[in-house]
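**Q** One gets the numbering used here by counting positions in the sequence shown from 1 and adding 94 to each.
Worth double-checking, as some hints may not be accurate.
Stated by the list, open to error - With a Cα cut of at most 16 Å, we get these calculated EDC-like pairs of lysine to aspartate or glutamate:
#1 Lys166 with Asp130
#2 Lys166 with Asp96
#3 Lys109 with Asp96
#4 Lys109 with Asp153
As the list claims (entries may be wrong) - The following label-pair restraints were derived from C-beta to C-beta distances:
#5 Asp96 with Pro145: 20 to 30 Å
#6 Glu192 with Asp130: 20 to 30 Å
#7 Gly146 with Lys100: 37 to 47 Å
#8 Pro184 with Ala104: 39 to 49 Å
#9 Pro191 with Ile105: 13 to 23 Å
#10 Val183 with Ile112: 31 to 41 Å
#11 Ser202 with Asp96: 33 to 43 Å
#12 His116 with Asn188: 19 to 29 Å
#13 Ile171 with Gly147: 40 to 50 Å
#14 Thr117 with Pro184: 20 to 30 Å
#15 Ile105 with Pro157: 38 to 48 Å
#16 Ala104 with Ile150: 19 to 29 Å
#17 Val182 with Gly147: 14 to 24 Å
Quick caveat, the hints were computed from the structure, so don't treat them as lab data.
Cβ atoms here follow ideal geometry from the backbone N, Cα and C, with glycine treated the same way.
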Amino acid sequence: MDNIEKAASAIPRDKFSILISHTPEVYLQAAHSGFDLMLSGHTHGGQICLPGGIPITLDSVLPRSMGAGAWKYHDMIGYTSVGAGSSVVPVRFNCPPEITLHHLHLLS
Numbered sequence: 095m096d097n098i099e100k101a102a103s104a105i106p107r108d109k110f111s112i113l114i115s116h117t118p119e120v121y122l123q124a125a126h127s128g129f130d131l132m133l134s135g136h137t138h139g140g141q142i143c144l145p146g147g148i149p150i151t152l153d154s155v156l157p158r159s160m161g162a163g164a165w166k167y168h169d170m171i172g173y174t175s176v177g178a179g180s181s182v183v184p185v186r187f188n189c190p191p192e193i194t195l196h197h198l199h200l201l202s
């Protein structure tokens, strides 16, 4: 993740590109590098949330809207999985665990 631009430089601009990243915090670099889709985790969706799934903290530097589920930044779409585990304390509140399965389809 030290140089997303360099990693993306070999991808032809007319091809669909996916970045799988542990954290969504690199969304700015990923979008700037031309990735079409970014899949990530790390945030645990906040793990402890207010009613409605509003995270108290994400322990990540990014907009709250990118902390869980589907999101979009400029031309790049993304998904941040809340995962099935926990971090620091073994509890989840108003943030049910998930195992995400994505289906990608080729459009003709």
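**Q** Evaluate each hint against the coordinates.
**A** So, going through the hints one by one against the coordinates:
1. Lys166 with Asp130: holds (10 Å)
2. Lys166 with Asp96: Answer violated: Lys166 to Asp96 is near 23 Å, above 16 Å.
3. Lys109 with Asp96: violated (23 Å)
4. Lys109 with Asp153: Answer violated: Lys109 to Asp153 is near 33 Å, above 16 Å.
5. Asp96 with Pro145: 20 to 30 Å: violated (39 Å)
6. Glu192 with Asp130: 20 to 30 Å: holds (23 Å)
7. Gly146 with Lys100: 37 to 47 Å: holds (40 Å)
8. Pro184 with Ala104: 39 to 49 Å: holds (42 Å)
9. Pro191 with Ile105: 13 to 23 Å: About 33 Å separates the Cβ atoms of Pro191 and Ile105, which means 13 to 23 Å is violated.
10. Val183 with Ile112: 31 to 41 Å: Check passed, 32 Å falls within 31 to 41 Å.
11. Ser202 with Asp96: 33 to 43 Å: holds (37 Å)
12. His116 with Asn188: 19 to 29 Å: Taking Cβ atoms as reference, His116 and Asn188 lie about 24 Å apart, which means the hint holds.
13. Ile171 with Gly147: 40 to 50 Å: violated (20 Å)
14. Thr117 with Pro184: 20 to 30 Å: With a Cβ separation near 21 Å, Thr117 and Pro184 satisfy 20 to 30 Å, so the hint holds.
15. Ile105 with Pro157: 38 to 48 Å: violated (26 Å)
16. Ala104 with Ile150: 19 to 29 Å: violated (40 Å)
17. Val182 with Gly147: 14 to 24 Å: Once the Cβ atoms are compared, 19 Å apart, the range 14 to 24 Å for Gly147 and Val182 holds.
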